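As given, the protein sequences belong to chains W and E, one line each in that order.
The number in the numbering used here is simply the position in the first sequence, starting from 1, with 1 added.
The number in the numbering used here is simply the position in the second sequence, starting from 1, with 1 added.
Honestly, I wouldn't trust all of these hints.
What the hints assert, rightly or not - Some chain E residues well away from chain W (every beta-carbon gap over 10 Å; in silico):
| # | residue |
| --- | --- |
| 1 | Leu5 |
| 2 | Cys11 |
| 3 | Gln16 |
| 4 | Val18 |
| 5 | Ala20 |
| 6 | Arg28 |
| 7 | Gly29 |
| 8 | His37 |
| 9 | Gly41 |
| 10 | Asp44 |
| 11 | Arg49 |
| 12 | Ala53 |
| 13 | Gln57 |
| 14 | Gly62 |
Unchecked claim - Rough simulated footprint, nothing fancy, chain E against chain W, three-plus residues with beta-carbon under 8 Å:
| # | segment |
| --- | --- |
| 15 | 257-269 |
| 16 | 283-296 |
In short, the hints are calculated from the structure, not lab data.
As the structure is a computational prediction, the values presented were derived from the model and not from experiment.
Here a beta-carbon is modelled for each residue, glycine too, at the ideal position from N, C-alpha and C.
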Amino acid sequence: MSASGAERVVIVGASLAGLRTAEALRRAGFAGRLTLIGDEPYEPYDRPPLSKSVLSGWLGTDRLLLPRTRDLHARWLLGVPATGLDLEAKHVRLADGRAVGFDRVVLATGASARPWPEPFQGALHGVHVLRGRDDADRLRAHLAELAGTGARLLVIGGGFTGSEVASSGRDMGLSVTVTQRGSAPLAGALGGFVGSVIGERQRAHGVDLRLRTTVHSLVDDGSGRLRGARLCDGELLDARVAVVAMGSVRATGWLRGSGLVADERGVSCDAACRALGADGIVVGGVYAVGDVARWRHPGFDADPVSFEHWGNALAQAETVAHNIMSDDVRQNDALPAFWSDQFGMNIKAVGMPGIADQVVLTQGSFEHGPFVAAYGLAGVTIGAVAVNSPRVLDGYAAMITERAPFPPAVNAADGPDCPVAGEAGIPRPATEPAGPAAASPLTAPAIVREGQP
Amino acid sequence: MHVLVDLNRCESYGQCVFAAPDVFRFRGEESLEYDHVPDGASDAAVRRAALACPVQAITLGTPVEEAPLREVTCR
Numbered sequence: 002m003s004a005s006g007a008e009r010v011v012i013v014g015a016s017l018a019g020l021r022t023a024e025a026l027r028r029a030g031f032a033g034r035l036t037l038i039g040d041e042p043y044e045p046y047d048r049p050p051l052s053k054s055v056l057s058g059w060l061g062t063d064r065l066l067l068p069r070t071r072d073l074h075a076r077w078l079l080g081v082p083a084t085g086l087d088l089e090a091k092h093v094r095l096a097d098g099r100a101v102g103f104d105r106v107v108l109a110t111g112a113s114a115r116p117w118p119e120p121f122q123g124a125l126h127g128v129h130v131l132r133g134r135d136d137a138d139r140l141r142a143h144l145a146e147l148a149g150t151g152a153r154l155l156v157i158g159g160g161f162t163g164s165e166v167a168s169s170g171r172d173m174g175l176s177v178t179v180t181q182r183g184s185a186p187l188a189g190a191l192g193g194f195v196g197s198v199i200g201e202r203q204r205a206h207g208v209d210l211r212l213r214t215t216v217h218s219l220v221d222d223g224s225g226r227l228r229g230a231r232l233c234d235g236e237l238l239d240a241r242v243a244v245v246a247m248g249s250v251r252a253t254g255w256l257r258g259s260g261l262v263a264d265e266r267g268v269s270c271d272a273a274c275r276a277l278g279a280d281g282i283v284v285g286g287v288y289a290v291g292d293v294a295r296w297r298h299p300g301f302d303a304d305p306v307s308f309e310h311w312g313n314a315l316a317q318a319e320t321v322a323h324n325i326m327s328d329d330v331r332q333n334d335a336l337p338a339f340w341s342d343q344f345g346m347n348i349k350a351v352g353m354p355g356i357a358d359q360v361v362l363t364q365g366s367f368e369h370g371p372f373v374a375a376y377g378l379a380g381v382t383i384g385a386v387a388v389n390s391p392r393v394l395d396g397y398a399a400m401i402t403e404r405a406p407f408p409p410a411v412n413a414a415d416g417p418d419c420p421v422a423g424e425a426g427i428p429r430p431a432t433e434p435a436g437p438a439a440a441s442p443l444t445a446p447a448i449v450r451e452g453q454p
Numbered sequence: 002m003h004v005l006v007d008l009n010r011c012e013s014y015g016q017c018v019f020a021a022p023d024v025f026r027f028r029g030e031e032s033l034e035y036d037h038v039p040d041g042a043s044d045a046a047v048r049r050a051a052l053a054c055p056v057q058a059i060t061l062g063t064p065v066e067e068a069p070l071r072e073v074t075c076r
């Protein structure tokens, strides 16, 4: 039993965040009944390799199981989605009609790939998304068929998943076209400036990168197979396989009517991973962890967001376990960090480059080879991105934590003689009023420190 | 034996690749990839790899408990 008297903990979602929460709970001494519910019929597995090691053919999807470092003594309900949450009756409803009672519930349902908006086109043979094992198996098989035929792979969306799929496609010798609505790939996470640098390197690897380009429709060959795509400029692009990589939708549909604040952006919660009600007040006994959790990081002046980072799932799992087992409430203030491997580039980032207003090259060269760029918001260093420089980020992480002035004084031996900061080029929604995240350089830095709500 | 590498923590020193080249490898200059479920024959090499990692980014686990598709209560 926990300090707070919980005897039954139900974790909805059996991927990285759910598994790690279960492990952390047992490590913290939770001896009650533990149930994990997962919609996929698989033991917990690691997702990042799906777009890389799996698509390129090096690893089968059965080689991704996540290690368990202890015996969980858990009840596993896999292959059955949760369909509802009743906070009054304190049970989770399952698709097979069962109800699972709890004292504490952890929401860890993650996200799903945003589907192509037109369902008939999205169902054409050859149109794929990539989120889970089954997606990866289907896509891998289809790409292998394509290899050597000269047919084209179309990737719709130049974010991390789309770029990694494109990289794997090039590794297989396919001709690859990527359409990106904005002015650069990866612009949402890294800004248009660094995104353009990455985009040039993608082109050097043979990608036909179409910027400021959207796909108007996916075209049927008359027999239910993909023939190509009609682009916004009217061009009909031949393609036998298309991957829809337009981001993700947080898996919260099953929470409709629960009283929680949940939509496709995630479940609203605080930095202690406690779910919030419509009044902004903590809902007792309900926690959110991983991609599905939408929260405001206590170290940054930014809107609440879902941090869809592998490392965030680990950090939040520890926070949730602590807060279930202890009366003192702990916030998660771990510095965000993420990586991507594509086109021979190891891209690692710390902080929140996606909310920056300025960026500066601090090491290496944008033209070729490794580089590091630091990101600033209103004169404070808030993020850094390192390409093929995996051993330098600890120093930048320290600067971000200390709120070092921007541009930071790095003075690296491989740094530029005269660092010149430029616009980071983070895309902002043009139709919405600028929120607190869209701070202008004139706004005083207002980074909220731990302890404030 | 199951293997997990924290690729945020990994700094691509490559000690694991030297210790267990059938399990860990580089794709490009700095991008590590690895088999999460290596064959049992690799266990000793994988243990050496985990010990050799300068940033201790490698977690090893043993599948001690089934996570079956049907409901099983283990206590």
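How the hints compare with the structure:
1. At the 10 Å boundary, the C-beta of E/Leu5 falls inside the reach of chain W, the nearest C-beta of that chain being 5 Å off.
2. Here E/Cys11 does not stay apart from chain W, with its beta-carbon only about 7 Å from theirs, under the 10 Å limit.
3. Non-interface status of E/Gln16 relative to chain W is upheld: no Cβ of that chain comes within 10 Å, the nearest being about 13 Å off.
4. Non-interface status of E/Val18 relative to chain W is upheld: no Cβ of that chain comes within 10 Å, the nearest being about 14 Å off.
5. At roughly 17 Å, the least C-beta separation between E/Ala20 and chain W is larger than 10 Å, which holds for a residue marked as non-interface.
6. With a least CB separation of 7 Å from chain W, E/Arg28 falls inside the 10 Å interface cut-off, contrary to its annotation.
7. In this structure E/Gly29 is not separated from chain W by more than 10 Å, as the shortest Cβ-Cβ distance comes to only about 4 Å.
8. Its beta-carbon lying about 5 Å from the closest one in chain W, E/His37 breaks the requirement of being farther than 10 Å from that chain.
9. Non-interface call for E/Gly41 relative to chain W: holds, since the shortest CB-CB distance, roughly 14 Å, exceeds 10 Å.
10. With a least beta-carbon separation of about 13 Å from chain W, E/Asp44 lies farther than 10 Å from that chain, consistent with its non-interface assignment.
11. Against the 10 Å criterion, E/Arg49 stays outside the reach of chain W, whose nearest CB is about 17 Å from its own CB.
12. For E/Ala53, the non-interface assignment is confirmed: its Cβ lies about 16 Å from the closest Cβ of chain W, beyond the 10 Å cut-off.
13. E/Gln57, annotated as away from the interface, keeps every beta carbon of chain W farther than 10 Å; the closest lies near 14 Å.
14. The beta carbon of E/Gly62 is not kept farther than 10 Å from every beta carbon of chain W, the shortest such distance being approximately 3 Å.
15. For the segment 257-269 of chain W, the assignment as covered by chain E is violated, since 0 residues bring a beta-carbon within under 8 Å of that chain's beta-carbons and 3 are needed.
16. Residues of the segment 283-296 of chain W with a Cβ under 8 Å from some Cβ of chain E number 0, which does not satisfy the need for three, so the listed coverage is violated.
Checked against the numbered hints given earlier, this structure breaks hints 1, 2, 6, 7, 8, 14, 15 and 16; the rest are met.
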